[in-house]
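Since chain G is already given, all that's left is putting chain P on it; use the hints.
The lines below spell out each chain.
Protein chains: 2
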Amino acid sequence: MNLEHYLMRRRQRIDRFLERCVPPAAETDTLGAAMHYSLFAGGKRLRPILAVAATEALDGETTTVLPFACALELIHTYSLIHDDLPSMDDDDLRRGKPANHRVFGEGMAILAGDALLTEAFHVMAEAAARPGVKQRRALQVLTEVAAASGVRGMVGGQVADLKAEHTAIDLPTVEWIHIRKTGALIRAAVRAGALLAGARPDQLHRLTRYGECLGLAFQIADDILDAEGAPEVTGKRRGRDQARHKATFPAVLGLSAAKERASDLVATALEELQPFKRQAEPLREIARFAIGRACSP
Amino acid sequence: MNLEHYLMRRRQRIDRFLERCVPPAAETDTLGAAMHYSLFAGGKRLRPILAVAATEALDGETTTVLPFACALELIHTYSLIHDDLPSMDDDDLRRGKPANHRVFGEGMAILAGDALLTEAFHVMAEAAARPGVKQRRALQVLTEVAAASGVRGMVGGQVADLKAEHTAIDLPTVEWIHIRKTGALIRAAVRAGALLAGARPDQLHRLTRYGECLGLAFQIADDILDAEGAPEVTGKRRGRDQARHKATFPAVLGLSAAKERASDLVATALEELQPFKRQAEPLREIARFAIGRACSP
Numbered sequence: 001m002n003l004e005h006y007l008m009r010r011r012q013r014i015d016r017f018l019e020r021c022v023p024p025a026a027e028t029d030t031l032g033a034a035m036h037y038s039l040f041a042g043g044k045r046l047r048p049i050l051a052v053a054a055t056e057a058l059d060g061e062t063t064t065v066l067p068f069a070c071a072l073e074l075i076h077t078y079s080l081i082h083d084d085l086p087s088m089d090d091d092d093l094r095r096g097k098p099a100n101h102r103v104f105g106e107g108m109a110i111l112a113g114d115a116l117l118t119e120a121f122h123v124m125a126e127a128a129a130r131p132g133v134k135q136r137r138a139l140q141v142l143t144e145v146a147a148a149s150g151v152r153g154m155v156g157g158q159v160a161d162l163k164a165e166h167t168a169i170d171l172p173t174v175e176w177i178h179i180r181k182t183g184a185l186i187r188a189a190v191r192a193g194a195l196l197a198g199a200r201p202d203q204l205h206r207l208t209r210y211g212e213c214l215g216l217a218f219q220i221a222d223d224i225l226d227a228e229g230a231p232e233v234t235g236k237r238r239g240r241d242q243a244r245h246k247a248t249f250p251a252v253l254g255l256s257a258a259k260e261r262a263s264d265l266v267a268t269a270l271e272e273l274q275p276f277k278r279q280a281e282p283l284r285e286i287a288r289f290a291i292g293r294a295c296s297p
Numbered sequence: 001m002n003l004e005h006y007l008m009r010r011r012q013r014i015d016r017f018l019e020r021c022v023p024p025a026a027e028t029d030t031l032g033a034a035m036h037y038s039l040f041a042g043g044k045r046l047r048p049i050l051a052v053a054a055t056e057a058l059d060g061e062t063t064t065v066l067p068f069a070c071a072l073e074l075i076h077t078y079s080l081i082h083d084d085l086p087s088m089d090d091d092d093l094r095r096g097k098p099a100n101h102r103v104f105g106e107g108m109a110i111l112a113g114d115a116l117l118t119e120a121f122h123v124m125a126e127a128a129a130r131p132g133v134k135q136r137r138a139l140q141v142l143t144e145v146a147a148a149s150g151v152r153g154m155v156g157g158q159v160a161d162l163k164a165e166h167t168a169i170d171l172p173t174v175e176w177i178h179i180r181k182t183g184a185l186i187r188a189a190v191r192a193g194a195l196l197a198g199a200r201p202d203q204l205h206r207l208t209r210y211g212e213c214l215g216l217a218f219q220i221a222d223d224i225l226d227a228e229g230a231p232e233v234t235g236k237r238r239g240r241d242q243a244r245h246k247a248t249f250p251a252v253l254g255l256s257a258a259k260e261r262a263s264d265l266v267a268t269a270l271e272e273l274q275p276f277k278r279q280a281e282p283l284r285e286i287a288r289f290a291i292g293r294a295c296s297p
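Chains G and P supply the protein sequences, listed in that same order.
Position 271 of the first sequence, counted from 1, bears residue number 271 in the numbering used here, the numbering being contiguous throughout.
Position 93 of the second sequence, counted from 1, bears residue number 93 in the numbering used here, the numbering being contiguous throughout.
I should point out that these hints are in silico values taken from the structure, not numbers from a laboratory.
In this text, all values refer to a predicted model and were calculated from it rather than measured experimentally.
Glycine is no exception: its CB is placed at the ideal position from the N, C-alpha and C atoms.
Treat the hints loosely; a few may be bogus.
[Claimed, not checked] Label-pair distances were calculated between CB atoms; the ranges are:
| id | chain 1 | residue 1 | chain 2 | residue 2 | range |
| --- | --- | --- | --- | --- | --- |
| 1 | G | P131 | P | A257 | 45 to 51 angstroms |
| 2 | G | V103 | P | E165 | 17 to 23 angstroms |
| 3 | P | L171 | G | R20 | 30 to 36 angstroms |
| 4 | G | P275 | P | R9 | 54 to 60 angstroms |
| 5 | P | R240 | G | V103 | 27 to 33 angstroms |
| 6 | G | L171 | P | Q12 | 42 to 48 angstroms |
| 7 | P | H205 | G | K277 | 50 to 56 angstroms |
| 8 | P | E165 | G | Q279 | 52 to 58 angstroms |
| 9 | P | A26 | G | A168 | 20 to 26 angstroms |
| 10 | G | L93 | P | A257 | 47 to 53 angstroms |
| 11 | P | F40 | G | R102 | 32 to 38 angstroms |
| 12 | P | A26 | G | H205 | 48 to 54 angstroms |
| 13 | G | A267 | P | R244 | 54 to 60 angstroms |
| 14 | G | T28 | P | A26 | 44 to 50 angstroms |
This is chain G alone, in the form it adopts within the complex (with noise of 0.2 angstroms):
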């Protein structure tokens, strides 16, 4: 398969979507604005791109899925918005762009990501209440994703990735951070999509295990990335974690066996998606795409 096609069609329309969700803003309409220019200042849709994949692998209802899944990018641009704070991780630029609060201060920063996280339950709900939505599906997957992204997941892990700046840290640490401040939400699209298609128990303890790897595999490429990735392919400043004694793989492993890590952990998740049909291969093609950027030889 081709998996840039495949990347495209999809980001297309969950592009579409999402300018439904949070159109062109007016002049005079500042939140609009600030809400609008990071929700499509870049953003790869890994996210939503998963749930959907992950209905697909299923021969589930894309129509269905689409909601939930752009919900999954409105929680993830705001989570962006509020860390590159300068109470947070102070960063100026995101995606080869100015930060949120560079271009619309800091006040308005807070508040479009506030009403981006708040959008998200928004379309969650409107989506759960559509006929021929399986209530129960929906609101399990209303809870898991309000799960991943709060206190439990992805505001938990961030609290303790800032935390850890400057403190000697170890792997478990590391992976303790990782798991939540990115891997919870990716576990909670894959899960999104297999939930809305009705996975049967075994199909979702497959796929719930494939987000998993997935998810800190991706996070180790990007901290890879970071430590040795060309600011004109990242879109931020080189080694700005080390700089700040971030919590990284790289920094607790080394780079060699941070790569190895997150080879390994592809390989786990592919083999998760042996039972699964021709329809798993852009899962398959994700997976192997997510660490290539950083893993190439």
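What follows is chain P alone, placed relative to chain G:
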């Protein structure tokens, strides 16, 4: 009826539920401590009590509404934490105690707010899936609460409020802001209780109007208290709004016309309750109480 006794009993039940959502934190858990600090900093629990009282007015099941009612308090608390931040209203005091960011730092205050907002939707989604709960009603409540909290509601109102500082303001602008910034969530609270109790369309319409009038009256009373209330009572320095040229009713109408406006709104709210029986007595008393604090002769 004894309103004080009623409010105390409802508050106890709400606080017990909130303690389960956000338990007292272990010593190392700064995020949990920051969430707990603001959630139990002396809030009146107006929004959850309104939701419960609206259900009671229709002889509904209060066990069903309780999680949704408490979710509203989680959302209200997050909004106060974010509003107080230096990049927003820059308030050091909230209910007579140091604002969240003064105790835990800005980054942690932002994350505590994010986590409370996310937890609100987690609580509602879980509650909606419980056996015996009508999922269609619960999803409508979820959708409405999200709409009232986001860009079309509370966050939109806060943005307009920040923009209105230091600019010439008129009555329609102040109303526009207040209807969104505080009115929307109070309206949603009453509607949540009504919807979950299975209100008929005419009942829902009347209770909605009650909520709209009460929400606006409540905000006017708050503005009046800011202007002339004793700091021991309000927990804030007096005249903060005026010092910052905030868009308030007393600023555009004068104090005495603002009080009259609040009384008129409460009268309308009470009229809407006319067809309801004795079970709506708490809603009536709350409406009188809401402005009594500010407009007592």
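To see whether the hints hold, each was checked on the structure:
For the pair P131/G and A257/P, the supplied restraint of 45 to 51 angstroms holds, since their beta-carbon distance comes to about 49 angstroms. Our hint of 17 to 23 angstroms for V103/G and E165/P holds, since their Cβ atoms are close to 20 angstroms apart. Taken as a hint, the range 30 to 36 angstroms holds for the pair L171/P and R20/G, whose Cβ atoms sit roughly 34 angstroms apart. For P275/G and R9/P, the Cβ-Cβ distance of about 56 angstroms falls inside the hinted range of 54 to 60 angstroms, so the restraint holds.
Checked against the hint of 27 to 33 angstroms, the C-beta distance between R240/P and V103/G comes to roughly 29 angstroms, which is consistent with it. At about 46 angstroms, the beta-carbon gap between L171/G and Q12/P stays in the expected band of 42 to 48 angstroms. For the pair H205/P and K277/G, the beta carbons lie near 53 angstroms from each other, so the given range of 50 to 56 angstroms is met. The hinted window of 52 to 58 angstroms between E165/P and Q279/G holds, with their beta carbons roughly 55 angstroms apart.
Checking the proposed 20 to 26 angstroms range against A26/P and A168/G shows it holds: the Cβ atoms sit about 21 angstroms from each other. Hint check: L93/G to A257/P, Cβ distance near 51 angstroms, so the stated range 47 to 53 angstroms holds. Between F40/P and R102/G, the C-beta spacing of about 36 angstroms keeps the proposed range 32 to 38 angstroms intact. As the Cβ distance of A26/P to H205/G is approximately 31 angstroms, the hint placing it in 48 to 54 angstroms is violated.
For A267/G paired with R244/P, a C-beta distance near 59 angstroms keeps the hint of 54 to 60 angstroms intact. Separated by about 47 angstroms at the C-beta atoms, T28/G and A26/P satisfy the suggested range of 44 to 50 angstroms.
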